[in-house]
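For this one, chain A is given, so just place chains B and C on it according to the hints.
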Amino acid sequence: MSAIITLTTDFGLGSPYVAAMKGVILSINPEARLVDLSHAVGPQNVRQGALVLAEATTWFPAGTIHVGVVDPGVGTQRRIVYARIGDQQYIAPDNGLLSRLTLKTRPSQIITVENPEHWLPSVSNTFHGRDIMAPVAAQLSLGMEPDRLGPPLAALVELDWPQPRIESNAIVGEVVWIDGFGNLISNVTEGMLTAIQDRTRATVGIEGHTLRGIDRTYGDRPANTPLALVGSSGYLEVSAAGGSAAATLRCESGARVTVRW
Amino acid sequence: MSAIITLTTDFGLGSPYVAAMKGVILSINPEARLVDLSHAVGPQNVRQGALVLAEATTWFPAGTIHVGVVDPGVGTQRRIVYARIGDQQYIAPDNGLLSRLTLKTRPSQIITVENPEHWLPSVSNTFHGRDIMAPVAAQLSLGMEPDRLGPPLAALVELDWPQPRIESNAIVGEVVWIDGFGNLISNVTEGMLTAIQDRTRATVGIEGHTLRGIDRTYGDRPANTPLALVGSSGYLEVSAAGGSAAATLRCESGARVTVRW
Amino acid sequence: MSAIITLTTDFGLGSPYVAAMKGVILSINPEARLVDLSHAVGPQNVRQGALVLAEATTWFPAGTIHVGVVDPGVGTQRRIVYARIGDQQYIAPDNGLLSRLTLKTRPSQIITVENPEHWLPSVSNTFHGRDIMAPVAAQLSLGMEPDRLGPPLAALVELDWPQPRIESNAIVGEVVWIDGFGNLISNVTEGMLTAIQDRTRATVGIEGHTLRGIDRTYGDRPANTPLALVGSSGYLEVSAAGGSAAATLRCESGARVTVRW
Numbered sequence: 684m685s686a687i688i689t690l691t692t693d694f695g696l697g698s699p700y701v702a703a704m705k706g707v708i709l710s711i712n713p714e715a716r717l718v719d720l721s722h723a724v725g726p727q728n729v730r731q732g733a734l735v736l737a738e739a740t741t742w743f744p745a746g747t748i749h750v751g752v753v754d755p756g757v758g759t760q761r762r763i764v765y766a767r768i769g770d771q772q773y774i775a776p777d778n779g780l781l782s783r784l785t786l787k788t789r790p791s792q793i794i795t796v797e798n799p800e801h802w803l804p805s806v807s808n809t810f811h812g813r814d815i816m817a818p819v820a821a822q823l824s825l826g827m828e829p830d831r832l833g834p835p836l837a838a839l840v841e842l843d844w845p846q847p848r849i850e851s852n853a854i855v856g857e858v859v860w861i862d863g864f865g866n867l868i869s870n871v872t873e874g875m876l877t878a879i880q881d882r883t884r885a886t887v888g889i890e891g892h893t894l895r896g897i898d899r900t901y902g903d904r905p906a907n908t909p910l911a912l913v914g915s916s917g918y919l920e921v922s923a924a925g926g927s928a929a930a931t932l933r934c935e936s937g938a939r940v941t942v943r944w
Numbered sequence: 684m685s686a687i688i689t690l691t692t693d694f695g696l697g698s699p700y701v702a703a704m705k706g707v708i709l710s711i712n713p714e715a716r717l718v719d720l721s722h723a724v725g726p727q728n729v730r731q732g733a734l735v736l737a738e739a740t741t742w743f744p745a746g747t748i749h750v751g752v753v754d755p756g757v758g759t760q761r762r763i764v765y766a767r768i769g770d771q772q773y774i775a776p777d778n779g780l781l782s783r784l785t786l787k788t789r790p791s792q793i794i795t796v797e798n799p800e801h802w803l804p805s806v807s808n809t810f811h812g813r814d815i816m817a818p819v820a821a822q823l824s825l826g827m828e829p830d831r832l833g834p835p836l837a838a839l840v841e842l843d844w845p846q847p848r849i850e851s852n853a854i855v856g857e858v859v860w861i862d863g864f865g866n867l868i869s870n871v872t873e874g875m876l877t878a879i880q881d882r883t884r885a886t887v888g889i890e891g892h893t894l895r896g897i898d899r900t901y902g903d904r905p906a907n908t909p910l911a912l913v914g915s916s917g918y919l920e921v922s923a924a925g926g927s928a929a930a931t932l933r934c935e936s937g938a939r940v941t942v943r944w
Numbered sequence: 684m685s686a687i688i689t690l691t692t693d694f695g696l697g698s699p700y701v702a703a704m705k706g707v708i709l710s711i712n713p714e715a716r717l718v719d720l721s722h723a724v725g726p727q728n729v730r731q732g733a734l735v736l737a738e739a740t741t742w743f744p745a746g747t748i749h750v751g752v753v754d755p756g757v758g759t760q761r762r763i764v765y766a767r768i769g770d771q772q773y774i775a776p777d778n779g780l781l782s783r784l785t786l787k788t789r790p791s792q793i794i795t796v797e798n799p800e801h802w803l804p805s806v807s808n809t810f811h812g813r814d815i816m817a818p819v820a821a822q823l824s825l826g827m828e829p830d831r832l833g834p835p836l837a838a839l840v841e842l843d844w845p846q847p848r849i850e851s852n853a854i855v856g857e858v859v860w861i862d863g864f865g866n867l868i869s870n871v872t873e874g875m876l877t878a879i880q881d882r883t884r885a886t887v888g889i890e891g892h893t894l895r896g897i898d899r900t901y902g903d904r905p906a907n908t909p910l911a912l913v914g915s916s917g918y919l920e921v922s923a924a925g926g927s928a929a930a931t932l933r934c935e936s937g938a939r940v941t942v943r944w
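Chains as they are written, first to last, in this note's numbering: chain A, 684 to 944; chain B, 684 to 944; chain C, 684 to 944.
Don't read these hints as lab results, they were simulated from the structure. There's no promise every hint is true.
Chain C is faced by these chain B residues, among others (derived, beta-carbon under 10 Å) [said to hold, decoys possible]:
1. Ile687
2. Asp719
3. His722
4. Ala723
5. Ala737
6. Ala739
7. Ala745
8. Asn866
9. Ala878
10. Ile879
11. Asp881
12. Tyr901
13. Gly902
14. Pro905
15. Gly914
Listed next, the stretches of chain B that the computed footprint assigns to chain C, with coverage defined by at least 3 CB atoms under 8 Å from CB atoms of chain C [said to hold, decoys possible]:
16. 772-782
17. 851-864
Please read these numbers as outputs of a predicted model, since none were measured by experiment. C-beta: ideal position from N, C-alpha, C; glycine also.
Chain A extracted, bound-state conformation (with noise of 0.2 Å):
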């Protein structure tokens, strides 16, 4: 069977332990279709890990299975699980790393991992990734249900992701993510802007700088001056073409964006 696999982890790019990852499914299922979704994810930061997963895995075909690994408690107390979110399948530690995708989707199934008869025979207590995660996601591609897995669970562990601030006539949302072209990445949605009846009279306040306007896209503006549109996830964003906004503007996440009308 050839069904696909993601594989996003924190191990950074090139680590020989996504390779034993991808060694172990292969042993399994020699077939499966691999992919490396993101293994630049910082290290621990289940934050980003969360964003990465929610903004990159809906794109995928219905019943692609995705593991994510940014598990800082591995080897304690804290579960493992499997989600059905939407069409998609997810392994990953219960620690909020499926979180971001559960803002906007309720999962229609969730197993506690707990069966130990579909892991490896000897399993670390450092690398569950390898051990309990890879060879439970080979399973499932080869047609295993996810209910032999374990129990079912009610709720997964939520973090909570800051939402925007709405006003009559202003919105403040904040930085979630900058991206590698440096752009700072909001979480003000193209729906909470509707409410604007003409955004090229709108401004946007960032780090003390105000833009005018709100752009259609990179090129409208001379290069590397920082302006501010509607990127491609839905979330509005302050970009610099051709430069970065985050080094123009000398901005971090979770810095605030306010936008007025």
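Relative to the frame of chain A, chains B and C by itself:
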């Protein structure tokens, strides 16, 4: 159908944007074989992307589909194109990203990608890699004829690539690319060096240093001694075995390289 | 045939050299299943490449073909070898790159790769990964017998790997590898620690610090507190949950690690 699709972007390693493109492609053609060509092209560095595509893509099986997304003009009037160059196929913005390839080989077919029938139903202004190029590549991998993408185009946008100046006893070129080892790769080709009768007596000048002789391989000199040789892509390069020539010679792209004999 | 070929190089992430190798392999065997094992080995760092291969490759299905290219001697008299070690197959320069694997398991077959029939028609002096190792791996993946590559060889080049000194109440080892989390992985094995009756009363000394007890997993101590445990590969390691032990203890490869009880 098990066609090969390669991806080259400036999104950065581990970017969820790359993963989104993979998800879109696999949703349309679950059997597509995805190969990460490079995601380490410098942000918006069209020239570097062009060099990577020229260096790597010609080694692939005939008919491989290469998607290149270094696209600072996304959402503006720049075109997206399909091109057949040699026996390879390319989907890219028409901004010079294919112009290092076309230096050597004229495209046999160029199509403007403008028929939205084969795109995602909703196209963002800022991520045509995901919304246009990925689905178009996936459709091609399923056997769709390129001429269904849009009308033919006469010529691609070309960039000006500096050519060496060839004199009777000298060639004056420049460093065009620095690889991961710090090797300084010039635009002087093997073919230009055939005028030299005795390569051991030629000199290569770079950044105030003069290297004596053109060597055969890295191990021909003691460790960390700069040397000149013809590299694996057929260009004269300056290296330092066991070290970085770029660091040792404090040299950047654009530095002049003078061969005398 | 759908054989698995893994690639381990020091080319750097996103290098077009890696892509060229993939293109060569897929041109010979379009059905080969390529797995990036690691391209983040330090430039010309044969020891680090050897550690990565030993850590990751044994997890793969029997018969997997692992290509390792950390090859400072390319183009000189160093050999290229095929080796079968355990149930895995390897193609690499004979410079010690397989010597961490052979510490544990004697190769059952070693062949010198010297029959040019299976190489690219034109072989450069500087990139045998692309011109020799990639096509040879692809031919093997199609079912070619290894003994067609060249004559048998009695033994591989071995590197000297430091072994811990074992005393009656102490083991003196050293840090051999630092992973992406900053965990300091030593050469002291789980097996060597069986002499200790009560691990909670043992001490681990490193860089002037003394850690009390050998713990079970990262979460056994408060965040960012250095602790010692046996890691997932069976070696004693020093970690700092939620932080980097390498940074906290200012520790590098080669640092002495002393266990006392």
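Hint check results:
1. Ile687: Where the cut-off is 10 Å and the nearest Cβ of chain C is about 6 Å from B/Ile687, the hint holds.
2. Asp719: For B/Asp719, the interface hint holds, since the closest Cβ of chain C sits about 7 Å away, which is under 10 Å.
3. His722: holds, 6 Å
4. Ala723: Holds, about 3 Å.
5. Ala737: holds, 9 Å
6. Ala739: holds, 4 Å
7. Ala745: At 8 Å from the nearest chain C Cβ, B/Ala745 passes the 10 Å test, so the hint holds.
8. Asn866: holds, 9 Å
9. Ala878: With a closest approach of 21 Å, the B/Ala878 hint is violated.
10. Ile879: With Cβ-Cβ at 17 Å, over 10 Å, it is violated.
11. Asp881: violated, 18 Å
12. Tyr901: Constraint on B/Tyr901 satisfied, holds at 6 Å.
13. Gly902: holds, 4 Å
14. Pro905: Result: violated, 12 Å to nearest chain C Cβ.
15. Gly914: holds, 6 Å
16. 772-782: violated (count 0)
17. 851-864: As far as the segment 851-864 of chain B goes, the hint holds, because 3 residues have Cβ atoms under 8 Å from chain C.
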